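Chains A and B are the protein sequences, given in the same order.
Numbering follows this note's numbering, in which position 9 of the first sequence is assigned residue number 9; successive positions increment by one, without gaps.
Numbering follows this note's numbering, in which position 18 of the second sequence is assigned residue number 216; successive positions increment by one, without gaps.
Because the hints were derived from the structure by calculation, they are not lab data.
Being a predicted model, the structure only gives us computed values, none of them experimental.
Keep in mind that a hint or two might mislead.
Below, a list of computed lysine-lysine pairs in the DSS-like style, where the Cα atoms sit at most 30 Å apart [to be verified]:
| # | chain 1 | residue 1 | chain 2 | residue 2 |
| --- | --- | --- | --- | --- |
| 1 | B | LYS256 | B | LYS366 |
| 2 | B | LYS346 | B | LYS285 |
| 3 | A | LYS109 | B | LYS226 |
| 4 | B | LYS269 | B | LYS285 |
| 5 | A | LYS109 | B | LYS459 |
| 6 | B | LYS464 | B | LYS346 |
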Amino acid sequence: MDSEVYIIGRDAVPQFLRLDAGEARSMTLVVPPGTSARLGLEIDLCGPGASLDLAGVYLCNDAERVDLRVLVRHSSGGCTSRQLFKGIVGGTARAAFDGLIYVAQDAQKTQAYQENHTLLLSGTAFAESRPQLEIYADDVQCSHGATTGYLNPDELFYLRSRGIPEAEARRLQMAAFLAPVLSRLPESLTEEIYAGLP
Amino acid sequence: MDDLIRDLSAQEYKDGFVTEVAQEYVPKGLNEDIIRLISAKKGEPDWLLEFRLGAFRKWRQMTPPQWGHLKLPPIDFQDIIYWAAPKRDEDRPDEIDPALLETFDKLGIPLHEREVLAGVKPKGGVAVDAVFDSVSVTTTFRKSLAEKGIIFCSFSEAVREHPDLVRKYLASVVPVGDNFYAALNSAVFSDGSFCYIPKGVKCPMDLSSYFRINASGTGQFERTLIIADEGSSVSYMEGCTAPMRDENQLHAAVVEIIVEKDADVKYSTVQNWYPGDAQGRGGILNLVTKRGICKGSGAHLSWTQVETGSAVTWKYPSTILQGDYSTSEFYSVAMTNNYQQADTGTKMIHLGRGTRSRVVSKGISAGYSENSYRGLVQMGPAAEGARNYSQCDSLLIGSRCGAHTFPVIRNHNPHAVVEHEATTSKISEDQLFYCTQRGIAPEDAVALIVGGYAREVLSRLPMEFAVEAQKLLSVSLEGAVG
């Protein structure tokens, strides 16, 4: 299944989505460099068997303000949702990710996962992450994970010791970090993003 | 399985008795005169009265925080007695009322030093500061601790005997206007424990405070101040219980901990306030501010809490990691049953370079309860190479309870690493089946599984506490399993 791709600032992005029984949807949100955005997205899984595969990437290397709010609501049992958001924040940019998984009472057999990873490139940048779970049913598997960090110096050393210039090595590291999301995009867009890495 | 849940709800709260003892009160309500009266009863110096009045004026401007995932019953602050104390026998003012001794005996809190000294009980015991409603009844082992230069006494005594220390550190970690309940506490705080460990001293025994609410219509507002000077170390424990009543009683405490360079403080709490009955009537409203600061480099502060009681818990023991390479940990088990609500977690504020923190939170919710983890991990611009790892697990028992996780991660430093993960699950039929087919009764099986789930935290508690906590967990679970 191909993922629907939305480029923030170029495409119209839905704000509210409803997935009925058995419906499956895969979406990828891209916040390209130079875009400040505040985005609210609410997805309601209303029928058993609905499944959502959501990913996003935000690249802010300058002075952008990015604020992503995602609410995935499991109103019905037996649904699956998966979220993966990755961001690179540098310059004087500020990026915030606020993601809530809501599991309604009696929405049993829910499976919901959420991941948010951020790389912070400069001391003047700021990243905030608020992964949240609000769960009212017991027979569920829900988890989330969030990390913020920086480019691993050991990896950088490995690459440089093999003759790859530092700037190039950093770009490779960032490309590898973003790869799980970028692999969902059409090739032309992926190339554009690679070229725009700091 | 459903029957099992029902059985579990029918639990007993064994510390719910009332001690019949003559008590004196200040009049109901809160105004400047009441504060003056409390201050006069305690014979406080002027600066402390001014501190209280200043806090009261600030408090009147403030509103209660609403952001917790809690349904708080409305609290009428004018309908609370802010100071209650057992009357002293006029003829024998130095003796402790036998009824009080009996109470603490019943609660398993030893107030007799001689038994330990005579070797009846194992050595190395625990020094206790026992607080009954608004006053400290006694503090044990003061003399042997004083030989090492350690000050361990009630807060009121500290104000009288060590005013310089109290004045220097009071409200230095939790400012008066920090939040609504901290301001209220600063205005009306009664007794609590004071502890000072001088430079380089390792405290030879565990120190502990035991808080007991007895009088009806009152609240408890204790204040604890712990100061660990350079290179010292101490393990501090706190326990609490209250009688069973249909009314809600307010408990708004403030705990401040100052950890100087290379000092080590371990703070453990087993919170067992009356949780209310199975229909959610009564219980303690536990609205507490606890905060420590790792002031110097290499300081270490460890929080361990087991929260099983209280109708409502609102509590976030936090650490400010100011000193370079200071470290802090937060280990928590929060268990809610019936209609209990808990919103608890921690804040780790990393300011110094190379600071490290670790958060392990285990929530267990059963019945109709709500259990939330709320946390903040913040990396300041100077926190080069700081690290945090947080893990929050929730266990749901029954389909009518809620388990929530609300972490916030704020990173200002490109050389700091924050990792957070959370999971939510229930006790699986497979696990239960495995135990029951080996002849373990379903209740015991659940207690076993929950014990295993909480082990990482319980193993951090001092020995006597760990045993007690394990028991509490299985009692609190009674009637909850399904």
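Going down the list of hints, with the structure as the test:
no. : hint                  : in the structure
1   : LYS256(B) x LYS366(B) : holds (21 Å)
2   : LYS346(B) x LYS285(B) : violated (33 Å)
3   : LYS109(A) x LYS226(B) : violated (52 Å)
4   : LYS269(B) x LYS285(B) : violated (36 Å)
5   : LYS109(A) x LYS459(B) : violated (51 Å)
6   : LYS464(B) x LYS346(B) : holds (19 Å)
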